[in-house]
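Undergrad: Protein chains in written order, with this note's numbering: chain A, 12 to 250; chain B, 14 to 567; chain C, 6 to 106.
Simulated from the structure, these hints should not be mistaken for laboratory data. The beta-carbon is built from N, C-alpha and C at its ideal position, and this holds for glycine as well. Some hints here could point you the wrong way.
[Stated by the list, open to error] Derived CB-CB ranges, DEER-like:
1) C/Ile84 x B/Leu448: 42 to 52 Å
2) C/Phe80 x B/Trp212: 17 to 27 Å
3) C/Ile84 x B/Gly161: 21 to 31 Å
4) A/Asp164 x B/Val485: 57 to 67 Å
5) B/Thr357 x C/Gly39: 54 to 64 Å
6) B/Leu249 x C/Phe80: 57 to 67 Å
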Amino acid sequence: MASLTADSHGAHGAHAGVVHAHEHHPALQHQFDDMEQQRESSTLGMWVFLVTEVMFFGGLFLAYVVYRTSFHDAFVQASNHLDPLLGFINTLVLIGSSLTMALAIWAAQVNKRKLIVWMLIATIVLGAVFLGIKAVEYTDKFTHHLVPGANFDGSDFTEPRHAEIFFSLYFIMTGLHAFHMVIGIGLLAYLTIPSWKGRYDATYHTPLECTGLYWHFVDLVWIFLFPLLYLLGAHLQHH
Amino acid sequence: MDATVSPTVHPEAAVARPNYLNAEYGLKSWLLTRDHKRIAILYLISVTVFFALGALFALLVRLELLTPQGDMVQPDTYNRLFTMHGIIMVFFFLIPAIPAVLGNFLVPIMIGAKDLAFPKINLASWYIYTLGGIFTLWAIVNGGVDTGWTFYTPFSTNYSNTHVVMTAVGVFINGFSSIFTGLNFIVTIHRMRAPGMTWFRLPLFIWSHYATSLVMVLGTPVIAITILLVAAERLLHLGIFDPRLGGDPVLFQHLFWFYSHPAVYIMILPAMGVQSELVAAFARKRIFGYRIVAFASIAIAVLGFLVWGHHMFVTGQSIYAATVFSVLSMLVAIPSAVKVFNLTATLYEGSISWDTPMLYALGFIGLFTIGGLTGTMIATLGIDIHLHDTYFIVAHFHYVMVGGTIMAYLGGLHYWWPKISGRLYPGFLSRLSALLVFVGFNLTFFPQFILGYLGMPRRYWSYPEEFQVFNVLSTAGATVLGVGYILPLCYFTWSMRYGKKSVDNPWGAIGLEWDTPSPPPTENFYTIPVVTRGPYDYSPEEVHARRTEEVRVG
Amino acid sequence: MAEHVSSTKSYIMVFLALAVLTVVTWAVALVDLGWANDIVAMAIAVTKALLVILFFMHVRYSTRATVLTAISGFFWLAIMIFLTMNDYWTRGSSLLPVLGK
Numbered sequence: 012m013a014s015l016t017a018d019s020h021g022a023h024g025a026h027a028g029v030v031h032a033h034e035h036h037p038a039l040q041h042q043f044d045d046m047e048q049q050r051e052s053s054t055l056g057m058w059v060f061l062v063t064e065v066m067f068f069g070g071l072f073l074a075y076v077v078y079r080t081s082f083h084d085a086f087v088q089a090s091n092h093l094d095p096l097l098g099f100i101n102t103l104v105l106i107g108s109s110l111t112m113a114l115a116i117w118a119a120q121v122n123k124r125k126l127i128v129w130m131l132i133a134t135i136v137l138g139a140v141f142l143g144i145k146a147v148e149y150t151d152k153f154t155h156h157l158v159p160g161a162n163f164d165g166s167d168f169t170e171p172r173h174a175e176i177f178f179s180l181y182f183i184m185t186g187l188h189a190f191h192m193v194i195g196i197g198l199l200a201y202l203t204i205p206s207w208k209g210r211y212d213a214t215y216h217t218p219l220e221c222t223g224l225y226w227h228f229v230d231l232v233w234i235f236l237f238p239l240l241y242l243l244g245a246h247l248q249h250h
Numbered sequence: 014m015d016a017t018v019s020p021t022v023h024p025e026a027a028v029a030r031p032n033y034l035n036a037e038y039g040l041k042s043w044l045l046t047r048d049h050k051r052i053a054i055l056y057l058i059s060v061t062v063f064f065a066l067g068a069l070f071a072l073l074v075r076l077e078l079l080t081p082q083g084d085m086v087q088p089d090t091y092n093r094l095f096t097m098h099g100i101i102m103v104f105f106f107l108i109p110a111i112p113a114v115l116g117n118f119l120v121p122i123m124i125g126a127k128d129l130a131f132p133k134i135n136l137a138s139w140y141i142y143t144l145g146g147i148f149t150l151w152a153i154v155n156g157g158v159d160t161g162w163t164f165y166t167p168f169s170t171n172y173s174n175t176h177v178v179m180t181a182v183g184v185f186i187n188g189f190s191s192i193f194t195g196l197n198f199i200v201t202i203h204r205m206r207a208p209g210m211t212w213f214r215l216p217l218f219i220w221s222h223y224a225t226s227l228v229m230v231l232g233t234p235v236i237a238i239t240i241l242l243v244a245a246e247r248l249l250h251l252g253i254f255d256p257r258l259g260g261d262p263v264l265f266q267h268l269f270w271f272y273s274h275p276a277v278y279i280m281i282l283p284a285m286g287v288q289s290e291l292v293a294a295f296a297r298k299r300i301f302g303y304r305i306v307a308f309a310s311i312a313i314a315v316l317g318f319l320v321w322g323h324h325m326f327v328t329g330q331s332i333y334a335a336t337v338f339s340v341l342s343m344l345v346a347i348p349s350a351v352k353v354f355n356l357t358a359t360l361y362e363g364s365i366s367w368d369t370p371m372l373y374a375l376g377f378i379g380l381f382t383i384g385g386l387t388g389t390m391i392a393t394l395g396i397d398i399h400l401h402d403t404y405f406i407v408a409h410f411h412y413v414m415v416g417g418t419i420m421a422y423l424g425g426l427h428y429w430w431p432k433i434s435g436r437l438y439p440g441f442l443s444r445l446s447a448l449l450v451f452v453g454f455n456l457t458f459f460p461q462f463i464l465g466y467l468g469m470p471r472r473y474w475s476y477p478e479e480f481q482v483f484n485v486l487s488t489a490g491a492t493v494l495g496v497g498y499i500l501p502l503c504y505f506t507w508s509m510r511y512g513k514k515s516v517d518n519p520w521g522a523i524g525l526e527w528d529t530p531s532p533p534p535t536e537n538f539y540t541i542p543v544v545t546r547g548p549y550d551y552s553p554e555e556v557h558a559r560r561t562e563e564v565r566v567g
Numbered sequence: 006m007a008e009h010v011s012s013t014k015s016y017i018m019v020f021l022a023l024a025v026l027t028v029v030t031w032a033v034a035l036v037d038l039g040w041a042n043d044i045v046a047m048a049i050a051v052t053k054a055l056l057v058i059l060f061f062m063h064v065r066y067s068t069r070a071t072v073l074t075a076i077s078g079f080f081w082l083a084i085m086i087f088l089t090m091n092d093y094w095t096r097g098s099s100l101l102p103v104l105g106k
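Bound-form chain A, shown alone:
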């Protein structure tokens, strides 16, 4: 079935006709033939992981769709107890952090070592702002007894039980999202160190690329959370 050649550094199965000089970049792992294969594999792998995240959050979105269909009016009413301005600001903050993240990778691609670090820090700061605003929102919910459970005060609502379901979804969805952001910030903080040391440049910046994909994904989730949670009843705003 297979005949063997003495030299294996010729064509690659997935890279027909491409021949590379045998450089052995220091970041090349042994199972890969060259940096391009490594980079494409890492990107593909990260995307496969993001697909799992889509399905993970997806279950929550499904629950949201089910209950919003069943309890539409209660959801509208409950949504009005969220502050759309804070949600709007947070959306812009997160989109801005996606910009700085993309620029961090660009900086690596054009060999601007210090700019990578500045952009990473900017992303972290914006992420922290987002979480700070979320903390403000959560505290507000807590003081107004809108956290589901024994202390939930549904007196403001026509259907308190259904409103409680809305808030359960609100906390689980935004809470899980915030948890992912914390992890993202942790990864970014960690990456500032090798970035500062000059480990990333045009020939190799895969960890930045993969973390960037993760960060953009977290932004994507929020892009959908904002209208679904905050803007449901905006046309009936009377907060």
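Use these hints to put chains B and C onto chain A, whose structure you have.
TA: Using the frame of chain A, we list chains B and C on its own:
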């Protein structure tokens, strides 16, 4: 004759060559390995341990069911026994076994790569599996869970007094092991094939594992979030399944079965991949309809996601939805049937050898067919109204999961054992075990079809007198089956030290894995192969030339 | 394929587009359009998502395998939601789909 990778050396000298087993010694070299073959062995040990534990719970269940009265354990305890049996067997054995043991070992070699795309993630997946196992074991030691492996709400969220959250955490963690394995396979198969290894020259084992990986990656996260929601409801009272708030327990079931039905395809697709390899090798023939079988694997993976509602025919979804799911379930049977037909057609006019792997393969064909056909029976909405939650269902899924998956797993282990260990096992004993497994299996589970049809419910700790005969037959069968499983455990272990040393290709089979030494060197190949022909390219002359020496496994 | 390097200008344009769309989404939500509110909100969200995916996440310049992976994730989510809603939309005595009940 084709050039082979290894020079023809005497078997004695062969095992002394540097290979992945003797490359390094010591616990650390195993626990910190990046070598996919060593990781496969780590998984082999772990899944065997969990299989034994799951089998122990099964034994206790069958012992209780020897008599109609509940006289061995309390009813609460009985609930825990079948729950733990289900959880361990599904999550810690059936889902990982073939992919993480045989897949991990063979996928890189079969495509001509040096390792998987992400060796560290591969090792991490084993540690994650172990961590999930530890949480679950902790829960077992502290009394286990009594909700059934299906964790239905609101019992699991509001009323059960057992360690639901701890078990749920164990399963949640274990899910990531599955995801990492699937992720690794997908990227590896896409990006790391050897020169000349086009998609349609891949062995069907690879196609099957690719399809399995798609299911792992797309489905597992959904059960992860479902488990998280159960834990959140139980711990934080964030009640979205709570009927007291207007929540819908059926939503839990939608979310749960969205994964858990495709999960059964995670269990059977790799088994079908093994089957293709076994039948081709032991009938000395190309697989009939190779491309159709490859596409059927993908079709099963995709269609498998569209049928989950057939687990919920009687629990409250709309009649319209139930009808749609019933029709879709018929569809998914088609690619599975195609595979069985093609395997059978491959056997026709093949040159059959009755080695142990072939015995398991033949057993699979018959038993999986019965399991699959009974599956279409219960996919029929009207019939399932009566058969749901009876032993008919239990018999059906054991036929496909045990008669199918476990037979294929054992067949694969027997086929590739010389490759993995460099050793041969006793031929008579292995054939005897295969026979015991086949007979024991049928004696255990066929009576259960009858019991279900007659109306005996599942998950009940006592039953009416008239069902005793079949229950006794079933328990007797389980004992025989148990012996059939213990024997390979013994002789495989024995063979590692005392087994006759194998040549590189004891079966004279065709495949990249047979072109490298048994056991393989750490880097799999001394030089990366260049592929020029399709898989299973058996011709009479070549087959004769490849069967080096007369050293047969027996 | 060699890695594509986008310009900073393109990234900033995408950011501005996203910001504008965010403003639009809020503005439209303040007007009562009945059932159209949902459609518009989702259409805008999907547009924003596509901008992030294609440009910030470089999918526009990625391999076919990556593109297929990204598409399949969202496609599978759609399957899960629609096939489940197939149940909820048809709950009730009639066999015909009844939206919103």
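Undergrad: Hints first: check each against the structure and report whether it holds.
TA: Going down the list of hints, with the structure as the test:
1. C/Ile84 x B/Leu448: 42 to 52 Å: For leucine 448 of chain B against isoleucine 84 of chain C, whose Cβ atoms are near 44 Å apart, the range 42 to 52 Å holds.
2. C/Phe80 x B/Trp212: 17 to 27 Å: Because 21 Å falls inside the window, the suggested range holds.
3. C/Ile84 x B/Gly161: 21 to 31 Å: The hinted range 21 to 31 Å holds for isoleucine 84 of chain C and glycine 161 of chain B, with Cβ atoms some 26 Å apart.
4. A/Asp164 x B/Val485: 57 to 67 Å: Check passed, 60 Å falls within 57 to 67 Å.
5. B/Thr357 x C/Gly39: 54 to 64 Å: holds, 59 Å
6. B/Leu249 x C/Phe80: 57 to 67 Å: violated, 32 Å
Taken one by one, the earlier hints fail for this structure only at number 6.
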